[in-house]
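Residue numbers (this note's numbering), protein chains in the order written: chain A, 1 to 150; chain B, 1 to 150; chain C, 1 to 150; chain D, 1 to 150; chain E, 1 to 150; chain F, 1 to 150.
Hints should not be assumed to be uniformly reliable.
Same chains, same label: a pair holds when it works inside one copy or across any pair of copies.
[To be verified] Straight line, CA to CA, 20 Å or less: simulated SDA-like cross-link-like pairs of lysine to any residue:
#, residue 1, residue 2
1, LYS132, HIS76
2, LYS93, GLY15
3, LYS116, LEU146
4, LYS105, ILE129
5, LYS6, TYR106
6, LYS111, GLU89
7, LYS93, THR114
8, LYS111, GLU48
9, LYS125, GLU48
10, LYS6, LEU43
11, LYS116, ALA94
Calculated from the structure, these hints are not laboratory results.
Owing to the predicted nature of the structure, the values given are computational and were not obtained by experimental measurement.
6 protein chains.
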Amino acid sequence: MNSEDKLYFEDFEIGWEAVTGSRTVTEADIVNFAGVSGDFNPLHMDEEFAKTTPFGRRIAHGLLGMSIGTGLPRNHPPLAILAFLGIREWNFKAPIFIGDTIHMKYTVVEKRETSKKDRGLVIFKRQIINQKGEVVQEGQALLLLLRKQK
Amino acid sequence: MNSEDKLYFEDFEIGWEAVTGSRTVTEADIVNFAGVSGDFNPLHMDEEFAKTTPFGRRIAHGLLGMSIGTGLPRNHPPLAILAFLGIREWNFKAPIFIGDTIHMKYTVVEKRETSKKDRGLVIFKRQIINQKGEVVQEGQALLLLLRKQK
Amino acid sequence: MNSEDKLYFEDFEIGWEAVTGSRTVTEADIVNFAGVSGDFNPLHMDEEFAKTTPFGRRIAHGLLGMSIGTGLPRNHPPLAILAFLGIREWNFKAPIFIGDTIHMKYTVVEKRETSKKDRGLVIFKRQIINQKGEVVQEGQALLLLLRKQK
Amino acid sequence: MNSEDKLYFEDFEIGWEAVTGSRTVTEADIVNFAGVSGDFNPLHMDEEFAKTTPFGRRIAHGLLGMSIGTGLPRNHPPLAILAFLGIREWNFKAPIFIGDTIHMKYTVVEKRETSKKDRGLVIFKRQIINQKGEVVQEGQALLLLLRKQK
Amino acid sequence: MNSEDKLYFEDFEIGWEAVTGSRTVTEADIVNFAGVSGDFNPLHMDEEFAKTTPFGRRIAHGLLGMSIGTGLPRNHPPLAILAFLGIREWNFKAPIFIGDTIHMKYTVVEKRETSKKDRGLVIFKRQIINQKGEVVQEGQALLLLLRKQK
Amino acid sequence: MNSEDKLYFEDFEIGWEAVTGSRTVTEADIVNFAGVSGDFNPLHMDEEFAKTTPFGRRIAHGLLGMSIGTGLPRNHPPLAILAFLGIREWNFKAPIFIGDTIHMKYTVVEKRETSKKDRGLVIFKRQIINQKGEVVQEGQALLLLLRKQK
Chain A
1 MNSEDKLYFE DFEIGWEAVT GSRTVTEADI VNFAGVSGDF NPLHMDEEFA KTTPFGRRIA
61 HGLLGMSIGT GLPRNHPPLA ILAFLGIREW NFKAPIFIGD TIHMKYTVVE KRETSKKDRG
121 LVIFKRQIIN QKGEVVQEGQ ALLLLLRKQK
Chain B
1 MNSEDKLYFE DFEIGWEAVT GSRTVTEADI VNFAGVSGDF NPLHMDEEFA KTTPFGRRIA
61 HGLLGMSIGT GLPRNHPPLA ILAFLGIREW NFKAPIFIGD TIHMKYTVVE KRETSKKDRG
121 LVIFKRQIIN QKGEVVQEGQ ALLLLLRKQK
Chain C
1 MNSEDKLYFE DFEIGWEAVT GSRTVTEADI VNFAGVSGDF NPLHMDEEFA KTTPFGRRIA
61 HGLLGMSIGT GLPRNHPPLA ILAFLGIREW NFKAPIFIGD TIHMKYTVVE KRETSKKDRG
121 LVIFKRQIIN QKGEVVQEGQ ALLLLLRKQK
Chain D
1 MNSEDKLYFE DFEIGWEAVT GSRTVTEADI VNFAGVSGDF NPLHMDEEFA KTTPFGRRIA
61 HGLLGMSIGT GLPRNHPPLA ILAFLGIREW NFKAPIFIGD TIHMKYTVVE KRETSKKDRG
121 LVIFKRQIIN QKGEVVQEGQ ALLLLLRKQK
Chain E
1 MNSEDKLYFE DFEIGWEAVT GSRTVTEADI VNFAGVSGDF NPLHMDEEFA KTTPFGRRIA
61 HGLLGMSIGT GLPRNHPPLA ILAFLGIREW NFKAPIFIGD TIHMKYTVVE KRETSKKDRG
121 LVIFKRQIIN QKGEVVQEGQ ALLLLLRKQK
Chain F
1 MNSEDKLYFE DFEIGWEAVT GSRTVTEADI VNFAGVSGDF NPLHMDEEFA KTTPFGRRIA
61 HGLLGMSIGT GLPRNHPPLA ILAFLGIREW NFKAPIFIGD TIHMKYTVVE KRETSKKDRG
121 LVIFKRQIIN QKGEVVQEGQ ALLLLLRKQK
């Protein structure tokens with residue numbers, strides 16, 4: 001077994017897909033994310049206020065869902081990422097509640113060579129999915145990956 | 001002074017802009033964000049690896065920059081947010097290094113009434129700017145705000 | 001809108017008051033505060049012990065309530081604080097339980113010029129109030145604020 | 001060795017004193033305290049702003065110093081605390097900088113029986129002292145302790 | 001009272017024992033330990049998966065139990081530790097669930113002089129015990145302690 | 001690609017080995033581990049004291065090294081762990097300093113069927129190795145893995 005294995009630009013083709021492991025989003029995650037981000041919006045932090053909203057209770061920060069999505073356990077070697085270029089059309093489609101268990105499905109939707117021979121652009125559709133199978137967040141991530149053959 | 005003041009849909013017009021207070025991004029922020037997200041990518045967490053990259057040292061997670069952007073201190077009443085709908089075209093333009101001090105500038109670029117009379121869509125251009133005045137991240141956030149007159 | 005706005009010594013007069021936004025105190029807050037402070041007293045951290053106390057369950061550290069009080073969202077520009085000089089007569093009047101939602105009311109009770117012309121002392125009465133309207137903590141904070149006219 | 005040992009009301013007399021172990025205040029402590037409290041004031045979090053203040057660099061939150069003071073390692077059995085009633089005249093005398101190492105000296109300055117026979121009030125002078133021997137914070141804490149003989 | 005008191009090699013004999021104070025293991029502890037360690041195994045972090053295991057719900061990381069064991073409040077002066085040499089035969093005998101309250105009992109089972117006159121080896125049996133009196137973890141810790149007489 | 005892939009009892013044989021990705025141990029990790037464990041021993045938390053020790057500066061908690069070892073990024077599918085049974089002969093051979101970058105090498109040294117047909121015991125030698133190639137911690141972990149064929 002070669003411990004140096006990573007997934008390179010050449011390892012992906014359009015339609016390649018994978019799903020991550022899952023994680024339950026807890027009250028502690030929301031509290032900790034508020035602490036890291038500084039975002040103490042009452043939608044996330046004030047149960048009395050949250051009771052008066054259509055959701056009826058506190059919801060996770062949208063960016064907490066995105067952030068957890070990037071860190072969920074994967075069952076394949078790590079990507080040979082050179083840079084995370086950006087995000088395209090990210091939609092917060094439904095709330096993530098305390099106790100929801102989410103995973104991410106990602107699918108290669110686009111792949112492009114660049115002017116530099118040692119790297120290439122791969123665009124992944126990312127879907128955050130809860131324990132009921134609902135897509136709660138969805139968008140595209142643009143990753144610059146290293147190529148094996150430079 | 002009325003403590004109930006919030007900024008509603010009607011309070012914004014295209015071109016409205018504001019800048020937040022600033023915050024220095026520390027090694028502890030990166031460590032804490034890795035812990036919350038689960039993203040322990042060596043670009044952020046492995047100094048020996050980072051020395052071999054074009055950046056030459058660890059950089060902050062892109063989503064940490066975005067997340068801090070949402071929580072920076074503001075000098076106006078909080079927005080009457082009903083929902084954070086999504087993100088459009090977010091670009092990670094330059095790295096955020098440990099010790100960089102960032103703030104956010106946000107500008108209303110679009111405003112739309114919706115079919116529901118009690119709310120409206122406001123699109124903010126958000127720019128994360130470092131202590132040298134460089135725009136390190138840039139994109140648009142779609143917020144659904146409450147209206148005063150329903 | 002001038003993003004440089006802060007509230008200076010001249011902006012306050014005796015009787016000026018404001019209330020902050022609210023935040024629900026969670027088990028995670030208590031755990032995190034224990035971790036930061038090192039205070040693992042069983043009143044806060046040991047549910048079996050806490051059952052034997054008059055409160056019947058764990059309570060938040062008194063200083064956690066004070067600390068959250070200083071960081072609750074405000075709906076006015078930040079104060080032009082030069083220094084937080086001290087605290088006068090702080091009383092922990094009632095416990096804060098997990099799940100309580102607290103906000104702070106603050107009122108200017110005293111204001112004094114100092115020998116230095118660029119600053120002044122403002123004393124705020126601070127009251128931490130829970131979701132039932134009970135004042136759970138109360139005291140005075142002595143802040144040295146900058147003056148606009150120096 | 002009796003593991004049930006605690007220090008009760010009767011164990012203290014005026015003039016009793018002790019010093020805690022020490023702890024170095026780190027940048028991570030300040031970041032974590034900001035996250036718990038929500039207090040992201042630029043005095044603590046914005047190095048560029050801090051350079052323009054008389055201190056010339058970020059300083060720890062005053063309440064972080066107080067909070068660490070309550071949790072420093074002690075070399076005697078824990079106190080049989082029934083309640084932490086309040087604080088009297090707490091002064092933030094000098095800043096705590098990143099890298100300072102602080103400990104606490106506490107001295108019994110007052111002791112009072114109460115109408116209830118199972119408890120008594122003990123007032124401790126608390127001094128937070130840095131590695132240079134400077135008292136950086138000082139005040140009094142009012143603790144209600146259990147009595148052995150009820 | 002001499003604040004310099006520590007427990008040295010000479011202060012222990014075989015059979016010496018003590019018990020720590022207790023602490024309730026919370027969901028926040030598990031979340032925070034995952035963040036520090038990077039161990040997001042679904043046994044600890046995925047409630048849906050955990051329901052399908054023999055335990056029926058999430059359990060604490062084994063090393064979280066061990067780690068909390070080292071930090072529980074003690075009612076004697078701190079040990080004069082020169083080094084924590086290692087662990088011998090540590091067994092995770094039963095799970096620690098969210099809400100369990102644990103303490104540690106430690107007993108000197110072996111004591112050895114070393115070639116260096118200023119130190120000695122003390123081996124402690126450590127038992128992590130839950131609120132039902134069950135030993136959930138058990139093993140031995142090898143500590144190198146300073147001697148008073150060098 | 002089958003996202004259900006895990007490594008089962010049958011996937012290992014004696015001599016199987018792998019190395020994890022690496023992570024730099026930071027001051028923030030030590031501070032956070034102290035907060036989670038409650039272990040504020042001056043070896044880890046008091047720079048002034050640490051200067052007087054043979055190490056000359058603060059060192060990471062031994063259990064922090066072990067804990068990070070369990071969470072380092074792996075480049076193979078997750079193990080089908082039924083239980084982490086215990087640790088055998090774990091040695092803290094050398095200190096981990098702030099700024100050290102560690103990874104783990106693990107090697108199967110023993111493998112045993114058990115009376116239950118659906119599981120088997122695999123014993124891994126684990127070595128925590130720093131950026132200089134020094135083994136700083138070493139021991140054995142006993143894992144109960146699921147079998148594919150039950």
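For each hint, the structure was consulted:
When the C-alpha separation of LYS132 and HIS76 is checked against a cutoff of 20 Å, the pair qualifies neither within a copy, at 25 Å, nor between copies, at 28 Å. Taking the shortest Cα distances, LYS93 and GLY15 never come within 20 Å of each other, neither inside one copy (23 Å) nor across copies (27 Å). Taking CA atoms no more than 20 Å apart as the test, LYS116 paired with LEU146 passes inside one copy only; the shortest distance there is 10 Å, against 46 Å between copies. In this homomeric assembly, LYS105 and ILE129 come within 20 Å of each other (Cα to Cα) only inside a single copy, at 7 Å, whereas the closest approach across copies is 32 Å.
In this assembly of identical chains, LYS6 and TYR106 lie within 20 Å of each other by CA distance both inside one copy and across copies; the values are 17 Å within and 19 Å between. Proximity of LYS111 to GLU89 under the C-alpha cut-off of 20 Å is found in both arrangements, the shortest distances being 17 Å within a copy and 18 Å between copies. Only between protomers do LYS93 and THR114 lie at most 20 Å apart by alpha-carbon distance; the minimum there is 17 Å, versus 33 Å within a single protomer. Within a single copy, LYS111 and GLU48 get their C-alpha atoms no closer than 47 Å, and across copies no closer than 30 Å, so neither meets the 20 Å cut-off.
Neither within a single protomer nor between protomers do LYS125 and GLU48 lie at most 20 Å apart by alpha-carbon distance, with minima of 36 Å and 25 Å respectively. Taking the closest pair of Cα atoms, LYS6 and LEU43 come within 20 Å of each other only across two copies (14 Å); inside a single copy the shortest separation is 40 Å, beyond that limit. For the identical chains of this complex, LYS116 and ALA94 are inter-copy neighbours only, at 18 Å across copies versus 39 Å inside a copy, given an alpha-carbon limit of 20 Å.
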